[in-house]
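With these hints in hand, go ahead and build the complete structure from the sequences.
Read off the chains here:
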Amino acid sequence: MSNILSVMTFLPILGVLLLLFIPKESKGTLRGVAMLTTIATFAVSLPILTGFQTNADFQFVENVPWIAAGPFAMRYNIGIDGISLWLVMLTTFIMPIAVLSTWTAVEEKVKEYMICLLLLETGMLGAFISLDLFLFYIFWEVMLIPMYFMIGIWGGKNRIYAALKFFIYTMVGSMLMLVALIYLYFLGTKAGITDFSLLHFFDLKIDPATQTWLFLAFAFAFAIKVPMFPLHTWLPDAHTEAPTAGSVILAAILLKMGTYGYVRFAMPLFPEATHRFTPLIATLAVIGIIYAALVAMVQEDVKKLVAYSSVAHLGFVMLGVFSLNEQGVTGGMLQMLNHGISTGALFLIVGFIYERRHTRLITDFGGLSKQMPIFATIFMIVTLSSIGLPGTNGFVGEFLILIGSFESSLRWYAVIASSGVIFAAVYMLWMFQRVMFGELDNPKNQVLADLNLREIAIMVPLVVLIFVMGVYPNPFIEKMTPSVMKVIAKARIEPVATAKVVVPVVAQPEVAPVQPAAEQPVTAH
Amino acid sequence: MFDNVWLIPLFPLIGFLINGLLGKKIKNETVIGSIGAFAVLCSFIVSVMTFLKLIGLPAEERVINVKIFTWITAGHFNADVAFLIDPLSCLMLLVVTGIGFLIHVYSIGYMHGEEGFYRFFAYLNLFVFSMLLLVTGNNLLLMFVGWEGVGLCSYLLIGYYFHKKSAGDAGKKAFVMNRVGDFGFLLGTFTLFWYMGQTNNIWTIQFTELAKNANLLPTGGVVTVITLCFFLGATGKSAQIPLYTWLPDAMEGPTPVSALIHAATMVTAGVYMIGRMSYLFIRSPETMTVVALVGGCTALFAATIGTAQNDIKRVLAYSTVSQLGYMFLAMGVGAFTAGIFHLMTHAFFKACLFLGSGAVIHSMHGALHHVHSHDDAQDMRNMGGLRKHMPLTFLTFLIATIAIAGIPGFSGFFSKDEILWQAFSNPLHGDLNIVLWGMGACAALLTAFYMFRLVFMTFFGTCRIKEGAEKHLHESPMVIVIPLLVLALLSILGGYLGLPKLIGDLFGGVPNYLDQYLEPVFANANQYMLAHVHPEQHSHTLEWGMMAASVVIALIGISIAALLYLINPELPKKFTTAFPALHRAVYNKWYIDELYDFMIVNPCKALGRFLWKGFDVLVVDGVVNGVASTVMAFGGVIRYMQSGLIYNYAWSMALGVVAIVAYYVFK
Amino acid sequence: MDNLTNYLLVSAVLFSIGTIGVLTRKNAIVMFMCIELMLNAVNLTFVALSRHLGNLDGQIFVFFIMTVAAAEAAVGLALFIAFFNNRESIDVDDANLMKW
Amino acid sequence: MEINVAQLFQTINLATIMPEIILSVVGMALLLVNVFVPSKSKGYLAWLSLAGLVAAGYTAACGWGQNVDGFSGSVVLDNFAIFFKLIFVIAAGLAVLISDQYMEREGCNQGELYPMVLFTTVGMMLMASGTDMMTIFLGLELMSISLYVLAGFNRANVKSNESGLKYFLLGAFSTGFLLYGMALVYGATGYTRIAKIAAVASQMGQPDILLLIGALLILTGFAFKIAIVPFHMWTPDVYEGAPTPVTALMSAGPKAAAFAAFLRMFLVAFPSMKADWSDLLWILAVLTMTVGNITALRQDNIKRMLAYSSIAHAGYALVGFAAANTTGTSGILFYMLSYAFMNIGAFAIVVLVAKQGETNGNVQDFAGLGHKRPALAAIMTLFLFSLAGIPPTAGFIGKFYLFSGAVEAGYIWLAVIGVLNSAASAYYYLRVMVYMYMKPAEEEFGWVSLTAPVSLALLVSFLGTLIPGVVPSYLLQLAQAAVKVIS
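Residue numbers (our numbering), protein chains in the order written: chain S, 1 to 525; chain X, 1 to 667; chain U, 1 to 100; chain G, 1 to 487.
It should be emphasised that the hints constitute simulated quantities derived from the structure, not laboratory data.
Under the rule of at most 20 Å between Cα atoms (straight-line distance), these lysine to aspartate or glutamate pairs were calculated in the EDC-like manner:
no., chain 1, residue 1, chain 2, residue 2
1, G, LYS196, U, ASP57
2, X, LYS667, G, ASP276
3, S, LYS370, X, ASP169
4, S, LYS109, G, GLU442
5, U, LYS99, G, ASP300
6, X, LYS24, S, ASP450
7, G, LYS159, U, ASP93
8, S, LYS109, G, GLU443
9, X, LYS165, S, GLU439
10, G, LYS439, S, GLU108
11, X, LYS164, S, ASP441
12, X, LYS27, S, ASP450
13, X, LYS25, S, ASP450
14, S, LYS370, X, GLU115
15, X, LYS667, G, ASP208
16, X, LYS165, S, GLU300
17, G, LYS159, U, ASP94
18, G, LYS439, S, GLU107
19, X, LYS613, S, ASP301
20, G, LYS355, G, GLU443
21, G, LYS159, U, ASP91
22, S, LYS157, S, GLU355
23, S, LYS24, G, GLU444
24, X, LYS605, S, GLU300
25, G, LYS372, S, GLU107
26, X, LYS164, S, GLU439
27, X, LYS667, G, ASP279
28, X, LYS165, S, ASP441
Right under this line is the structure:
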């Protein structure tokens with residue numbers, strides 16, 4: 001099937017159309033249809049994974065004219081490479097879980113809720129597979145709408161503020177990106193580029209001063225989405241107020257849009273500017289790691305704590321991505337997936353206890369382990385994954401990021417960032433301890449039921465992935481490696497020899513003799 | 001030939017999975033316990049087989065890498081899941097699985113009737129698995145997996161009684177402090193990987209590769225940075241200054257855990273790691289000095305605290321910290337074999353001590369439970385005279401105590417004396433040697449003192465337990481006692497593996513087996529030492545003298561203990577009243593925990609709170625919301641221009657016309 | 001030439017008077033009369049220019065303006081009456097229900 | 001001089017103004033029908049005028065690409081005019097469709113409304129077609145006078161009176177400036193015909209001061225109709241007071257008509273002074289967007305809010321004008337068309353939600369609409385997103401082209417200010433959605449009844465907002481073709 005990507009992307013829309021014809025009273029059917037749609041989407045995405053050839057090319061490409069008027073030519077140009085592949089898979093994988101997670105949590109306006117979820121899925125998938133800048137922008141913006149409603153309608157007490165903040169904050173950024181996009185296009189037309197296709201722009205030579213401005217505009221939009229310090233304040237609000245599925249999707253996928261944007265657009269398009277702003281971005285990333293960790297430590301609301309932990313984790317991702325070597329970028333990409341899985345799982349967990357107790361204050365809990373052993377086990381595993389314990393997915397990503405950035409010019413940033421692993425342990429474990437350990441003294445907590453079958457079914461795939469990706473991450477890495485190398489080759493302004501100096505570990509010392517320093521792969525001091 | 005080594009960690013992993021996933025369903029304690037113990041037993045058997053195979057090989061071939069699968073590859077970074085079988089790791093395998101098996105057996109009896117029995121065995125198996133990874137991992141990263149894994153198990157097991165807040169706190173403290181160490185470990189790994197790659201184009205984190213290329217490393221400089229980072233990792237894991245405070249708190253966990261994790265195996269990981277990378281450490285004289293000093297200080301410092309504790313397990317905990325200090329002292333003076341030797345002997349006698357104390361506590365607990373007393377079953381002030389009731393436990397406990405105190409003939413004497421001698425005579429630290437020896441000797445004195453204090457308070461004198469409870473005190477079941485006996489035996493015999501040459505010569509040239517066995521592992525370091533420093537020759541007389549001195553020191557310590565706690569039990573009280581401040585300081589562990597709280601924990605929390613409420617909400621969000629509300633306020637003002645009056649509107653238009661025209665006319 | 005300038009000046013003055021009248025008066029009818037004055041000033045300009053330029057376009061324009069002004073007057077007065085019916089005033093100060 | 005009638009008719013070329021003729025005839029016929037058909041319900045008039053509008057639109061569309069002129073070149077039926085005529089037909093048609101229900105409810109269902117709508121449409125069409133200052137003026141006045149009547153149509157309602165009064169006085173006032181400007185241009189160049197003015201103006205090396213002032217005064221005249229700051233003050237009051245369907249028409253039609261004439265005058269007659277007026281439009285665009293948006297932030301009355309929003313939208317369109325390139329100007333055309341759909345659609349919802357006497361017209365009164373009437377709310381949501389310029393809607397594509405025009409012309413900061421305004425504007429559009437979806441319903445919205453005409457209007461504007469948002473290519477190409485004739 002040559003248009004499998006389109007089928008996958010727009011399958012949720014089909015689900016929406018179906019949902020429209022189901023009366024809103026039959027909630028079970030609505031949930032079922034939404035569930036089936038997301039599962040079908042996941043099923044459709046599987047052949048993409050299996051059929052993906054491990055090389056740097058874009059695959060499953062569809063490229064047809066879309067808009068052509070005046071100076072512009074936009075094309076419906078989609079495709080997938082090693083960088084977007086896993087993010088697409090993550091999206092299709094998380095969505096059924098998200099739907100399932102709200103089976104009982106959302107009792108009101110089920111129909112609208114499911115419509116929002118499905119629209120969101122199309123938006124996210126579309127953004128990940130777009131190879132046309134304009135198309136990307138459309139999907140990028142479209143995502144905002146369902147998320148806005150999810151926060152605003154099904155959110156908590158302060159939901160309207162959070163929803164508006166989320167929407168307008170993101171919109172300010174993306175609007176500036178739009179201007180940069182247009183400007184870039186006109187630069188391209190002068191160089192003979194005839195449409196918005198990303199691949200054309202990769203070859204465009206832009207003078208550094210212009211790059212600076214364009215990069216800033218792109219980076220600003222993406223930084224808001226990531227979110228990077230100090231543009232992060234919408235996140236705790238949005239997360240805290242969003243319903244569980246909203247938080248899960250927001251954390252697992254939407255935030256990745258920002259980092260993905262850097263890897264896919266900002267960095268390869270503007271290499272000189274990337275080089276120039278690397279210290280700034282790395283500084284912000286590191287500040288984000290430490291700052292968010294410190295702030296997370298003193299949170300009173302579990303969900304807010306997890307939200308701040310997201311900021312810290314995404315700081316790691318940014319650091320890795322901007323180290324611009326294979327370890328760092330691979331680590332960053334992996335960490336995106338890891339964060340999607342483990343933070344998604346954390347939000348689900350918070351959702352479980354919120355559903356039971358209708359509070360998220362840490363002080364309202366304590367000793368839950370006794371009452372909910374299965375929950376405790378899963379919570380523990382996810383917590384450990386979140387703090388990057390070896391054997392879980394979180395470790396692989398974090399380690400590669402740190403070793404990558406240590407090897408690059410961001411050495412000192414890596415050192416500071418490494419201390420983030422300590423803080424992560426502090427705030428996560430302290431939270432875990434206060435919620436799960438101690439005396440089960442609150443009578444309301446003494447009657448809590450452990451996870452039911454549905455909830456276990458939600459968590460099991462995540463837990464399995466946590467371990468699979470921790471123990472055997474190589475299949476994930478292998479698929480993305482060629483694309484990662486391509487990105488690095490584009491985004492680095494120094495000549496890169498990274499790929500060629502792989503020395504097998506078993507190499508004999510005499511085979512790998514000491515080389516004069518001049519021939520070393522350049523790792524700027 | 002060594003293809004089946006992956007079985008060694010696999011068995012405990014299977015045990016963990018079975019007990020962890022199905023344990024709740026199995027319910028039968030015997031089955032659960034047997035599965036757990038059997039898994040470790042299988043590992044032990046395979047380890048023994050591996051060991052036998054290994055010593056069957058010529059010495060120079062005793063380094064085998066067994067690759068299972070490629071774990072992570074990214075760029076020139078590569079990490080395999082692969083095992084390194086060499087004398088050092090084999091020794092550790094035996095210690096871990098051997099003692100681990102005994103403690104598993106012991107636990108079946110000790111943990112009888114505890115809630116979450118299956119959980120305990122699952123964790124214990126998981127711990128053994130992690131520890132085996134740690135010791136067999138053939139690269140830094142896999143070692144780190146085990147490194148963090150044992151930390152995790154430690155966290156889980158310390159927090160086993162999670163309903164107790166103190167247990168949860170202790171677990172968290174252990175984990176976080178370990179993480180601080182891990183931070184160092186990671187940085188060390190990064191720097192080493194980067195430096196080797198950068199300067200020599202050797203991108204590897206594999207131990208054998210590193211060892212092979214160790215000669216490319218400079219002396220000092222970046223190696224100092226690397227080794228100090230690793231050493232930070234070691235201080236965290238092995239509870240050295242400044243990261244030792246978690247270990248005494250870790251006694252919140254069940255006693256078998258204390259024996260296995262917090263005495264015999266996990267806490268020695270730091271020592272093992274330095275041994276594993278001896279070729280690296282030896283290349284940095286600065287680091288060696290730091291290691292030796294930290295070790296010496298810790299040995300002495302922890303010993304002082306140990307003298308004033310009343311909780312039986314806490315005494316042992318501080319003793320562990322102190323003994324670990326010895327091991328680091330050994331490593332720091334380049335006596336790697338001696339350090340590993342002490343690691344091994346310490347594993348025997350300290351496991352024996354902990355299990356013995358566990359038996360005591362168990363018995364005390366049962367007795368106190370009978371009379372419905374809430375007295376602390378671990379407080380030595382409630383004990384006394386227990387030897388009548390628990391003769392076997394007393395016997396084994398006494399043997400182990402003698403061993404730790406350094407009485408000749410018992411294992412502790414050989415290893416400790418070796419360390420003291422090396423501290424005194426090593427060629428690395430020059431004038432510092434006497435200080436190092438002094439610290440070690442003082443610590444030995446204190447060790448002998450507080451250990452016998454413990455024995456006297458617990459097993460001698462009058463029974464101070466609550467009225468009526470005494471008759472309920474009884475010897476432990478066989479499943480508890482047998483491991484004690486085995487360990488006690490090992491505490492005696494273990495020392496004969498590493499007889500000093502001096503003594504060996506007396507018995508017709510019995511070699512120092514351990515030295516020979518471990519020689520290939522430390523060959524690189526030793527060669528480097530030979531090439532770079534010139535050892536002074538010390539006369540045998542001096543060596544004999546020093547040996548005698550350490551025996552005398554131990555005896556003095558024992559005598560003081562006997563005087564204070566056996567002959568004249570009123571003396572200690574007088575002593576404490578005479579020096580109240582000193583006693584309070586020692587009793588409160590020199591207020592180090594409070595100091596950390598004051599210096600690090602509280603400022604961090606305060607900073608976090610400030611950043612949240614003061615910066616995040618006020619400044620960052622304040623700017624965002626400020627912009628928004630400024631615009632909104634502006635809108636509120638502008639709308640009042642819209643007065644609703646036609647002539648105002650007309651004015652606006654007319655002025656607009658005038659302005660536009662004027663602009664162009666006068667431009 | 002001078003002639004034209006004079007005409008233009010007069011019409012400009014008339015236009016200004018009309019404008020100022022609109023700006024300062026509050027009676028809707030007076031305001032409307034001022035607007036008529038402005039329109040007539042424009043007419044004068046057109047006629048003068050037409051004469052000066054020697055083509056008839058301007059004068060034709062004036063016819064249209066006058067016609068339109070008449071239509072405007074008719075509609076305007078109807079609106080005033082409707083307003084007066086409800087507010088009993090044609091003071092524009094009273095047309096202030098909607099503001100801000 | 002012998003007058004050859006046939007030749008005269010050839011010069012006049014009635015085909016050029018056939019759409020106007022059709023609408024005028026239908027309008028006058030409807031006036032008579034209204035008098036002589038004794039039916040209390042006036043709904044049939046709506047359908048009849050719709051038929052007339054469709055016929056006129058069809059006639060206009062048939063002339064696509066032919067570029068004929070008439071009346072000795074003082075009117076023209078070129079692509080540019082046709083594009084705008086279709087906008088007017090759509091705007092008027094949608095307004096007509098939502099009128100009956102509203103007028104019935106408000107108790108002022110006089111049949112004259114429909115002829116007046118048709119006449120005002122004729123005026124707009126004439127403005128778009130006019131190539132002579134005279135015809136433009138005539139079209140403008142025809143449009144305006146009909147609108148004065150329409151604004152004050154609800155005679156019994158004080159607000160409607162006030163709206164008519166304000167619109168009339170200020171409109172006439174601005175006409176004064178426009179005319180004076182035209183007089184000066186005439187004086188400076190000697191012609192009223194745009195093409196000839198252009199010819200003369202391009203001959204002048206240094207623009208004549210008379211010509212410049214004339215042009216600026218003409219600009220202010222159009223600026224009034226478009227509602228450019230500082231000539232915008234009438235907009236909120238008039239929009240608020242006028243009957244809602246009239247407001248809907250007013251927000252879309254006259255604005256587009258004024259843009260049509262404005263574009264034609266400035267791009268055809270004064271391109272030589274582009275440097276002068278382009279800067280001015282830059283400033284005016286910024287002022288208009290900003291003032292419109294910022295003031296709209298604090299409005300509760302939804303009609304008033306939409307009025308301020310329409311000021312802001314005029315500012316966005318001006319961005320394209322300031323750029324004065326094909327991208328920008330075709331963007332204006334596209335935007336005006338989209339704006340007709342989305343804004344009238346939004347007003348249609350306002351008509352439905354409001355109660356008798358124009359009560360219930362505040363944002364707060366929309367609370368819970370999303371749950372009680374999900375379809376209506378969903379449609380309204382689309383309109384609001386389109387107004388806010390969020391894809392996939394026509395509003396986004398329109399804005400994209402407008403801002404692209406600015407970027408292409410090198411006005412990057414203008415585009416940046418534009419997009420920032422756009423982001424700020426999202427707040428007040430979202431606010432409506434907040435009430436619709438995120439606040440509990442206080443009312444059951446039982447009175448909201450969807451009649452056939454309104455449903456049709458909603459459907460048309462829904463599709464007109466959505467489809468060009470997803471597949472805009474065809475319309476954009478039409479707009480490009482349309483602006484070709486004036487650039």
